[in-house]
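There are 2 protein chains.
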Amino acid sequence: YNALPPSLHAEWSIKALQKGKHVLCEKPFAMHAEDAKAMVTAAESSGRLLIEGYHYRFHPVFAEVQRLVASGELGTIHTVRSNFSVRIAETPGSLRHNVPLGGGALMDLGCYPLHWLRTLFGSSPEILWADAICPKPQLDSTFELRLQFPNGPLCYVGCSMSEHLNRQHDAYLCLEGDKAQLEVFNLVAPHQGHHLRLTKYGETHDYQMNGDSTYDHQLAHVVACIKGETKPLTGGRDAIDQMQLIDDAYKAAGLLPRGLCK
Amino acid sequence: YNALPPSLHAEWSIKALQKGKHVLCEKPFAMHAEDAKAMVTAAESSGRLLIEGYHYRFHPVFAEVQRLVASGELGTIHTVRSNFSVRIAETPGSLRHNVPLGGGALMDLGCYPLHWLRTLFGSSPEILWADAICPKPQLDSTFELRLQFPNGPLCYVGCSMSEHLNRQHDAYLCLEGDKAQLEVFNLVAPHQGHHLRLTKYGETHDYQMNGDSTYDHQLAHVVACIKGETKPLTGGRDAIDQMQLIDDAYKAAGLLPRGLCK
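Going down the list, the sequences are from chains F and V. Sequential numbering from 378 applies to the first sequence in this note's numbering. Sequential numbering from 378 applies to the second sequence in this note's numbering.
Among the hints, a few may not be true.
Per label pair, the in silico range of CB-to-CB distance [stated by the list, open to error]: (1) F/His-568 <-> V/Leu-637: 49 to 55 Å; (2) V/Gly-631 <-> F/Lys-396: 48 to 54 Å; (3) V/Gly-631 <-> F/Glu-606: 42 to 48 Å; (4) V/Gln-525 <-> F/Glu-606: 20 to 26 Å; (5) F/Arg-444 <-> V/Gln-525: 32 to 38 Å; (6) F/Tyr-592 <-> V/Asp-618: 48 to 54 Å; (7) F/Thr-453 <-> V/Asn-475: 26 to 32 Å; (8) F/His-582 <-> V/Lys-513: 32 to 38 Å; (9) F/Gly-579 <-> V/Glu-503: 47 to 53 Å.
Footprint (simulated), chain F over chain V, 3 or more residues, beta carbon under 8 Å [what the hints assert, rightly or not]: (10) 508 to 516; (11) 531 to 541; (12) 544 to 554.
Everything labelled a hint here was simulated from the structure, so no lab data went into it. From a predicted model like this one, the values you see are computed outputs, not experimental measurements. For each residue, glycine too, the CB sits at the ideal point set by N, CA and C.
Produce the complete structure using the sequences and hints provided.
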């Protein structure tokens with residue numbers, strides 16, 4: 378399990394793979410897409426597993442979101458609103474405020490809504506617009522994006538770790554379809570409390586999904602992959618495309634992809 | 378009651394005052410400080426009242442915040458976190474997304490935390506840092522500030538009307554003192570649900586203040602002012618200083634004060 382800062386993900390994941398270890402690597406996967414490619418290549422060469430730790434992905438809540446999208450119950454989804462904001466105070470040694478270590482709100486928080494959207498709607502959205510607030514050079518404390526998936530929805534994405542926020546997490550996804558609307562409150566850590574809200578013909582239905590902690594589901598998935606019972610849901614091409622989107626988002630906001638700024 | 382867009386506040390408030398009417402003018406008071414001065418001068422010449430509609434100001438919740446600050450119960454307040462964010466969709470004719478009419482998140486939302494802070498700690502903070510996200514030229518959808526009051530606290534201020542937010546209001550004030558911490562949830566519209574949270578020696582006390590709607594309290598205040606029973610709590614020098622701070626915040630973020638952009 379590579380839980381080091383993003384700047385050390387490539388080096389130590391590759392070293393572990395070369396030593397014959399399977400690797401579960403924390404998100405964000407790498408500093409940029411080139412690093413991600415090198416990591417995935419190392420995994421292929423070693424014949425070992427390299428899985429990205431998007432733990433939300435393995436929880437029954439996300440499976441429910443996928444089910445509703447695939448079932449057509451929402452109709453054509455035209456607009457998506459997504460946000461992940463958590464106040465992260467700047468303290469001495471704070472990883473998230475350290476650009477050379479891979480800091481920034483998009484790296485730490487915005488990567489989640491980007492991954493939700495890529496997983497639900499395919500891997501290559503167009504970035505229509507992006508902008509960030511940077512209290513220090515290259516350090517995004519708040520980031521906003523508009524994305525368009527080919528033949529898919531217009532997506533609004535936001536994230537913030539700003540000091541003015543209160544301490545409550547806001548991890549929110551809203552899928553607006555022409556038949557119904559689905560809102561998910563706390564898609565990142567649903568085991569700490571969550572609900573889904575389905576609104577159809579003006580009627581609102583709130584419900585929850587039973588599940589363990591996202592980390593338990595993730596661990597079960599990793600074990601099943603190692604036993605050869607299933608294939609990894611994250612990592613590989615998905616991890617490279619995810620880092621490419623983060624790189625492109627930084628560029629679209631006039632910033633540098635992490636790893637290119639000193 | 379002048380509820381026109383900010384771009385029409387000066388003209389129509391002055392006309393009404395000249396016709397001998399008392400005026401309750403919506404916030405933000407004007408497009409910039411120069412307009413605000415002209416309005417206050419017109420009120421003085423006419424001998425009529427010109428009151429700015431910061432309705433939160435007249436509710437018992439704010440009186441309670443003032444009481445706690447003045448009592449010394451919080452000790453020396455060193456840090457303040459404040460935020461007002463509400464998703465405001467961009468629709469055709471949407472006032473808040475129209476810069477010539479006085480749009481922008483700081484004008485419509487951020488003005489509240491700025492006014493809370495000015496009222497609690499005095500009228501002339503230094504702007505240490507400011508930045509905004511602008512989906513269109515000069516149009517701030519998200520705005521963040523750091524302010525320092527002379528011999529007073531460091532204040533973090535944020536506001537956002539971004540499309541990615543969910544529909545819940547977040548109107549939050551947190552005063553961190555060396556003896557205790559006070560958090561206020563929903564200082565803008567406490568009649569729609571609010572609570573105060575006082576944390577002292579690790580113990581948390583949640584409570585509420587009885588009151589009517591902020592607009593009822595505001596109306597009662599206006600009536601009392603007209604009857605000569607009390608003096609206006611908003612307007613005059615306060616309204617000019619408030620617009621000056623908003624002007625300076627736009628400049629500090631590299632934007633133009635409203636009314637100077639076409």
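Problem set entry | Non-conforming hints, listed in increasing numerical order | Those not satisfied are hints 3, 4 and 5.
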